[in-house]
Amino acid sequence: DVKVTQSSRYLVKRTGEKVFLECVQDMDHENMFWYRQDPGLGLRLIYFSYDVKMKEKGDIPEGYSVSREKKERFSLILESASTNQTSMYLCASSWIYNSPLHFGNGTRLTVT
Amino acid sequence: AQSVAQPEDQVNVAEGNPLTVKCTYSVSGNPYLFWYVQYPNRGLQFLLKYITGDNLVKGSYGFEAEFNKSQTSFHLKKPSALVSDSALYFCAVRDGETGANNLFFGTGTRLTVIP
Chain F
1 DVKVTQSSRY LVKRTGEKVF LECVQDMDHE NMFWYRQDPG LGLRLIYFSY DVKMKEKGDI
61 PEGYSVSREK KERFSLILES ASTNQTSMYL CASSWIYNSP LHFGNGTRLT VT
Chain R
1 AQSVAQPEDQ VNVAEGNPLT VKCTYSVSGN PYLFWYVQYP NRGLQFLLKY ITGDNLVKGS
61 YGFEAEFNKS QTSFHLKKPS ALVSDSALYF CAVRDGETGA NNLFFGTGTR LTVIP
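Residue numbers (our numbering), protein chains in the order written: chain F, 1 to 112; chain R, 1 to 115.
Hints listed in this document are in silico derivations from the structure and should not be mistaken for laboratory results.
We treat Cβ as the ideally placed atom computed from N, Cα and C, and that holds for glycine.
Treat the hints loosely; a few may be bogus.
Every beta carbon over 12 Å from chain R, so not counted as near; a handful from chain F, in silico [as the list claims (entries may be wrong)]:
1. Leu11
2. Asp59
3. Lys71
Selected chain R positions facing chain F (in silico; Cβ < 8 Å) [to be verified]:
4. Val13
5. Tyr32
6. Phe34
7. Arg42
8. Gly43
9. Phe46
10. Ile51
11. Phe90
12. Asn102
13. Leu103
14. Phe105
15. Gly106
16. Thr107
17. Gly108
18. Arg110
DSS-like mimics (lysine-lysine), calculated; alpha carbons at most 30 Å apart, straight line [as the list claims (entries may be wrong)]:
19. Lys77(R) - Lys22(R)
20. Lys71(F) - Lys49(R)
21. Lys3(F) - Lys57(F)
22. Lys49(R) - Lys55(F)
23. Lys18(F) - Lys71(F)
24. Lys3(F) - Lys49(R)
25. Lys3(F) - Lys77(R)
Whole structure, please, built from the sequences with the hints as guidance.
Following this line, the structure appears as structure tokens:
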């Protein structure tokens, strides 16, 4: 069974801090994704990666960056956290183009 | 541009009754459609997908969905609801012609099954 592991379930950070959210998948999936989930807005794509060192912007990339140095790991970076980045962050991976996404359990980030 | 609409924020149904969670979509090319479910404090789990073929798709936990091209809909259904089906349901679409990797999600529908 595919496992997508997000390193933290809950994080509390201060405004201006640099924040790293880590995600690891164990099924050799090509594609990895970062979404944020907000009530009434559903899931919005921040960034995705279809190969090591490759990345593409999603719908809301502003204020975020990503890193994919190894196939199994995809990191989301908030360079300078702001209160409007308080949200649930979901990592996902998929094998090929139309295969289902497998999600981690999410990281609930609070920026104070 | 692709988009997904889930017109109901909340659906309540009595246990044992049939349930329907609605989804309509808009894409420029052929739609690839998905349903996911989210239980409290968990990530999303895949339920079913439509890529091509039979318009009636069967998925996990007894759920099914019907692709209707003329109405641009992909409603999720189950003949007999269980209390354990109570969760947040998301419809998602990808535009098959653009080749984009982006899966566009609806805003979600909270299903409550009343004992």
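These are the hints, each one checked on the structure:
Once the 12 Å rule is applied to beta carbons, Leu11(F) is consistent with being away from chain R; the minimum gap is 15 Å. A beta-carbon of chain R is positioned within 12 Å of the beta-carbon of Asp59(F); the least distance is around 7 Å. Distance check for Lys71(F) against chain R: the nearest CB is about 16 Å away, which clears 12 Å, and the non-interface claim stands. Using the Cβ-Cβ criterion of 8 Å, the hint placing Val13(R) at the interface with chain F is not satisfied: the shortest such distance is roughly 22 Å.
The closest approach between the C-beta of Tyr32(R) and any C-beta of chain F is roughly 6 Å, which is under the 8 Å cut-off, so the hint is satisfied. Annotation: interface hint on Phe34(R) holds; nearest CB of chain F at approximately 7 Å, less than 8 Å. Because the beta carbon of Arg42(R) sits about 5 Å from the nearest beta carbon in chain F, less than 8 Å, this interface hint is met. Of the supplied interface hints, the one on Gly43(R) holds, with its beta-carbon coming within about 3 Å of a beta-carbon of chain F, less than 8 Å.
With a cut of 8 Å, the hint placing Phe46(R) at the interface with chain F holds, because the nearest CB-to-CB distance is about 4 Å. Checking Ile51(R) against chain F: minimum C-beta separation of about 6 Å stays under 8 Å; hint holds. A least Cβ separation of about 6 Å between Phe90(R) and chain F falls short of the 8 Å threshold, and the interface hint therefore holds. Interface hint status for Asn102(R): upheld, as the beta-carbon distance to the closest one in chain F is roughly 6 Å, under 8 Å.
Hint status for Leu103(R) relative to chain F: holds, with the closest Cβ pair at about 6 Å, below 8 Å. At a threshold of 8 Å, the smallest CB-CB gap from Phe105(R) to chain F is about 4 Å, leaving the interface hint in force. Because the smallest distance between the Cβ of Gly106(R) and any Cβ of chain F comes to about 6 Å, under 8 Å, the interface hint for this residue holds. At its closest, the beta carbon of Thr107(R) sits 4 Å from a beta carbon of chain F; the interface hint therefore holds under the 8 Å criterion.
Annotation: interface hint on Gly108(R) holds; nearest CB of chain F at approximately 5 Å, less than 8 Å. Given the 8 Å rule on beta carbons, the hint for Arg110(R) is violated: about 10 Å separates it from the nearest Cβ of chain F. Taking the CA atoms of Lys77(R) and Lys22(R), the gap is near 9 Å; set against the 30 Å cutoff, the hint holds. As the CA atoms of Lys71(F) and Lys49(R) are separated by approximately 26 Å, the hinted pair is consistent with the 30 Å bound.
In summary, the hint linking Lys3(F) to Lys57(F) is supported, as the alpha carbons are separated by about 24 Å, within the 30 Å threshold. This hinted pair checks out: Lys49(R) and Lys55(F) have alpha carbons roughly 26 Å apart, not beyond 30 Å. For the hint linking Lys18(F) to Lys71(F), the alpha-carbon distance of about 23 Å falls within 30 Å, and the restraint holds. Using a Cα cut-off of 30 Å, the hinted pair Lys3(F) and Lys49(R) holds, with the two alpha carbons roughly 20 Å apart.
Of the pairs offered as hints, the one joining Lys3(F) and Lys77(R) holds, with about 28 Å between alpha carbons and a cut-off of 30 Å not exceeded.
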